[in-house]
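Asker: Could you build all of it, start to finish, from the sequences and the hints given here?
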Amino acid sequence: MTKEDLEKLKKIGVKTPLELALIKPKEYEDNYLYPYVLPSTQAFEAEILDIKKSPKVTRVKFYLKNINQIIYGVFFQFKKWHESVFKPGNTLYIRGEIKQNQLIQPKPISRINEITPIYKTNLNIRSLRALIKKYVTLENLSILPEKIAKTLFFMHFPQTKEHINEKNITYALKWAEIFNYLHKLQNKKRVLPSIKIISDPAPFINSLPFKLTNDQLKVINEIKNDISKPTQARRVVIGDVGSGKTVVMLATAFMAEKSIIMCPTSILANQIYEEAKKFFKWKTYPTSQNEEWKITLVTQKSKFNEEDIKNSNLLIGTHALLYQNLPQVNVVMVDEQHRFGTNQRAQLEKLTSSGSTVPHYFQFSATPIPRTQALIMSSFVNVSLIKQLPFKKDIDTKIISKEDFKSLIAHIQSEISQGNQVVIVYPLVEESENFSYQSIEEGKNFWLKYFDGVYITHGKDKNKEDILIEFREKGNILITTTVIEVGISLPKLTTIVIVGAERLGLATLHQLRGRVGRYGQKGYCFLYTNDKNNKRLKAFANTLDGFKIAELDLEFRKSGDLLDGKAQSGESFKYFDEVRDLHILEEVKSYILTTTA
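Note that my numbering has the sequence shown beginning at 12, numbered continuously upward.
Note that these hints are calculated values from the structure, not bench results. All the pointers check out, no bait thrown in.
Capping the alpha-carbon separation at 25 Å, the derived lysine to any residue pairs in SDA-like fashion look like this:
id: 1; residue 1: Lys543; residue 2: Gln424
id: 2; residue 1: Lys222; residue 2: Ile306
id: 3; residue 1: Lys269; residue 2: Asn217
Here are the in silico distance ranges between beta carbons for each label pair:
id: 4; residue 1: Ser389; residue 2: Asn474; range: 35 to 45 Å
id: 5; residue 1: Phe402; residue 2: Phe584; range: 33 to 43 Å
id: 6; residue 1: Phe402; residue 2: Glu452; range: 34 to 44 Å
id: 7; residue 1: Ser389; residue 2: Asn544; range: 35 to 45 Å
id: 8; residue 1: Phe315; residue 2: Ser389; range: 31 to 41 Å
id: 9; residue 1: Gly430; residue 2: Lys312; range: 25 to 35 Å
id: 10; residue 1: Asn198; residue 2: Ser447; range: 43 to 53 Å
id: 11; residue 1: Asn135; residue 2: Pro66; range: 33 to 43 Å
id: 12; residue 1: Lys321; residue 2: Lys549; range: 50 to 60 Å
id: 13; residue 1: Glu317; residue 2: Gly430; range: 37 to 47 Å
id: 14; residue 1: Ser389; residue 2: Ile209; range: 19 to 29 Å
id: 15; residue 1: Leu49; residue 2: Asn544; range: 43 to 53 Å
Computed from a prediction, not measured in an experiment: that's the story for all the values here. For each residue, glycine too, the CB sits at the ideal point set by N, CA and C.
Answerer: Written as structure tokens, this is what we have:
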């Protein structure tokens, strides 16, 4: 494409011939002379028999040769040029629609027996047509399967009615759009040199006091294969809430011998650190240099020195890691990776790289995604899903409203009397006008008055992590916001109440519900709402499966754009439907694999 043409196409967001081919005509002008009347505008060969004028309307008597009918054409504005064209005795081609046995304001046309696409874009239609003629060629579309390429080509240059078949065009547009998206993702893939690690996780796995799920074992094996290659591994591991991602991280650390785990909060970092200390019997597992292993916690409050960082086999920390003089490591793991900016993740990778190699890179997330998104993402990075849970969760989800408040209080009292804990999630910290639910500030006095051991915190609270830890040890009720969504493990938490539940996305609701019953005990989730018939909440209450909930969330709220890394709400695609077109995505993935193999 020439520089001049690219500048023109920039106005309509087009960079390639394929993207140009994806511009669907708004409509078609079909100028074929059909021997029958269509239910829409059509072309006719017309002989003018007579003209009758009146102050308001001019009526022209036509003999329409191709349909063999005499019919009147009605003109509400009959200008001078009309008089020179529509003269009795003349035969010409016209376009119009027959309504109630008359032609309304027909127009003369110069060409027949062709179908002309009509476009509506920010570009002048003449310029756009010239660019389409120049660049939308079968040769330029040869990257696509022949059938799809031909359908798109003839969508712009139709020669028969079949070429503008809406069903065929829609399918081809969906196919080509998702192909173009995946193709761009693949081009973003980087192949970088890394350290080849040959290691067996079996000694670590066999020493655990519990049996791993098949999904955990499968992911550990995938990571083992990833790091055995001399090129950088890039994998996203997505597990449902409580699926045991931490053990997979520690098995990876065991194989890597020198690694880092970065967490979004110091609470999470502390928890993983405690798990690591519990599950690693370092003296049993000497490194390849026969030295004892060392773990160091790196947060703003933890105690460590440069020697600890330099000599550690496993560094576990928060963004505080980014301000240390980090050693070269074999593997970098980022937990809840969506909570870090792209720049932070890149900075960590850079800090832990040597001049010639980069560490293997693994991202972990407890936010399940739909199968469609996982397939799309796998064009850019490898994706592993941990769907199985170590034990079946037993959580009752109930949709409640104002009239259920008395029974809710009775339930909370009963749970506290059994030594269990309760979390109440409010939508806001402070009172807000035109908001139908109480905030923390409005609601806290009730709980403080009638219950002991009530703790309060929220996202802007500088002491929230200390309060959460104290609540875990001593509290009965925690009043909070969605800050509790990901983070502290609360072994005694059996009940969560979510106020204004319909205002939250299903993924957030699932994360909140996932806080309860983490250790196999009976759990309860109460969705407090003014809209008890809410379809989303009913669908959510019927399943505990995070991946099914992700599919539901996608149906109710179209997903964001993976390509530019933005968690946008709204559609990413013009034609491809992430809910209904999974079969097309699978076809495209299969085609890409066979053509690039």
